[in-house]
Amino acid sequence: MGTKFGTAIVKGKDSLKVGQEAAKKAMDKAGAKDVSLSVIFVSTAYDYKAVVKGVREVTNNAPLIGCSSAGEFTEEKVEKESVACAVISTDTHKFFPGIGKGLKEDELKALKDASSKFPSSVEGYPYLSAVLLVDGLAGKGEESVLAALEALGPNVKFSGGAAGDDLKFKETSVFTNEEVVSNAASLTLVASRTPVAIGVRHGHSPISPPLTITKAEGNVVYEVDGKPAFQVWKEYARQNAKGIGIDVDKMSEAEAVQTFFTRYEAGLLTGTEYKIRWLGGTATTEGPINFPCAMSEGMVVRVMESPQQEQISSAKKAAEIALLAAKGARLAGAIVFDCVCRAVILGDGFSKAVNEIKNVLNVPLIGFETYGEIAMEIGQLSGFHNTTTVVLLIPA
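Position in the sequence shown counted from 1, then plus 35, gives you our numbering.
Hints are supplied without guarantee of correctness; some may be wrong.
What the hints assert, rightly or not - Estimated spans, in silico, between C-beta atoms of each pair: (1) I242 / E158: 50 to 60 Å; (2) P154 / E111: 28 to 38 Å; (3) S386 / E92: 50 to 60 Å; (4) G363 / G414: 50 to 60 Å; (5) K115 / G37: 54 to 64 Å; (6) N397 / P342: 21 to 31 Å; (7) T319 / R273: 17 to 27 Å; (8) E111 / K48: 32 to 42 Å; (9) P244 / N397: 15 to 25 Å; (10) E321 / E111: 23 to 33 Å; (11) P244 / E158: 24 to 34 Å; (12) K285 / N96: 26 to 36 Å; (13) S156 / Q266: 18 to 28 Å.
Bear in mind the hints are in silico, worked out from the structure with no lab data behind them. Idealized CB from N, CA, C, for every residue including glycine.
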């Protein structure tokens, strides 16, 4: 049998019917009668529970994972206010979804709860990986990845993303089977006969010297190099921002501030590569900057820039890296976790980035615009990213 992978992207007014239609179309495209796993990404325009119910009715209550999003896409097109659905029918992979609640209060307990019923091994399926979807507003991005690593052990590689809410920054939700929950993490163990492959890449470069965080609490950074954090960011981004029509001294509205921090994010040097941290949750010019995960005093960051062409090139590169990691395995499909920041930076050009991925892979794909991306190979100790493309390849 191998693995069949089909996708659909649907819009409509009736959430239940949209879920049903998306699942039916995806199953038809896959040529699948039995579904091993459904994956859905859903705009805030819909009643999440009704969409989930519709998908599960059509798939005979097959295991389901997904989350709210800030934009959805498949190999067919890029959309807003839609429901994207993929179905996987397979005898070469086994899926074990779980959900953990109370992520903000105790991420380790949440991830241990999510994985409490996972098998330690699956006979005949020696390669283990996991898909992690987290509340995108919990401020626990990196912490959730490390908690999942502790829960599952060192021999599992991770991919996934942080749920979105169409840039409303009010509430995000994750889905596991029939459950739709905020302040939670959805964790799925994947046991495979042929290992999944992951590619990750961003398109940023530094425009400041190393800067030291001197005052921080949780995910809020108050001072950098002894000065108000916002002031430092403006100083180093001023000239570059002027070139794209942003006057850093006249930003007042939350939307303008979020746009600024989407173009000029934070970079943490890890080895020879930068890990990107999105600051788009910042909605005030008063001084502090909001990060998507905890930041400690003494950490060194840089102000980064993100040219549009580099955003397109890096998406293509992520797909190429994943394809190389697949080592020639026949592929069924792909799940793509791509930051909403890239869509903000590229505007209508975001579809070009998705097309680059599609052209490299030449398989069905589903993806969503995230509030953070997750990619961590075995042996790595950090796996949360921003304004980055993560490509997960599912072998046939």
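Verification of the supplied hints:
no., hint, in the structure
1, I242 / E158: 50 to 60 Å, "holds, 52 Å"
2, P154 / E111: 28 to 38 Å, "holds, 35 Å"
3, S386 / E92: 50 to 60 Å, "violated, 31 Å"
4, G363 / G414: 50 to 60 Å, "violated, 23 Å"
5, K115 / G37: 54 to 64 Å, "violated, 34 Å"
6, N397 / P342: 21 to 31 Å, "holds, 27 Å"
7, T319 / R273: 17 to 27 Å, "holds, 19 Å"
8, E111 / K48: 32 to 42 Å, "violated, 21 Å"
9, P244 / N397: 15 to 25 Å, "violated, 43 Å"
10, E321 / E111: 23 to 33 Å, "violated, 43 Å"
11, P244 / E158: 24 to 34 Å, "violated, 54 Å"
12, K285 / N96: 26 to 36 Å, "violated, 54 Å"
13, S156 / Q266: 18 to 28 Å, "violated, 53 Å"
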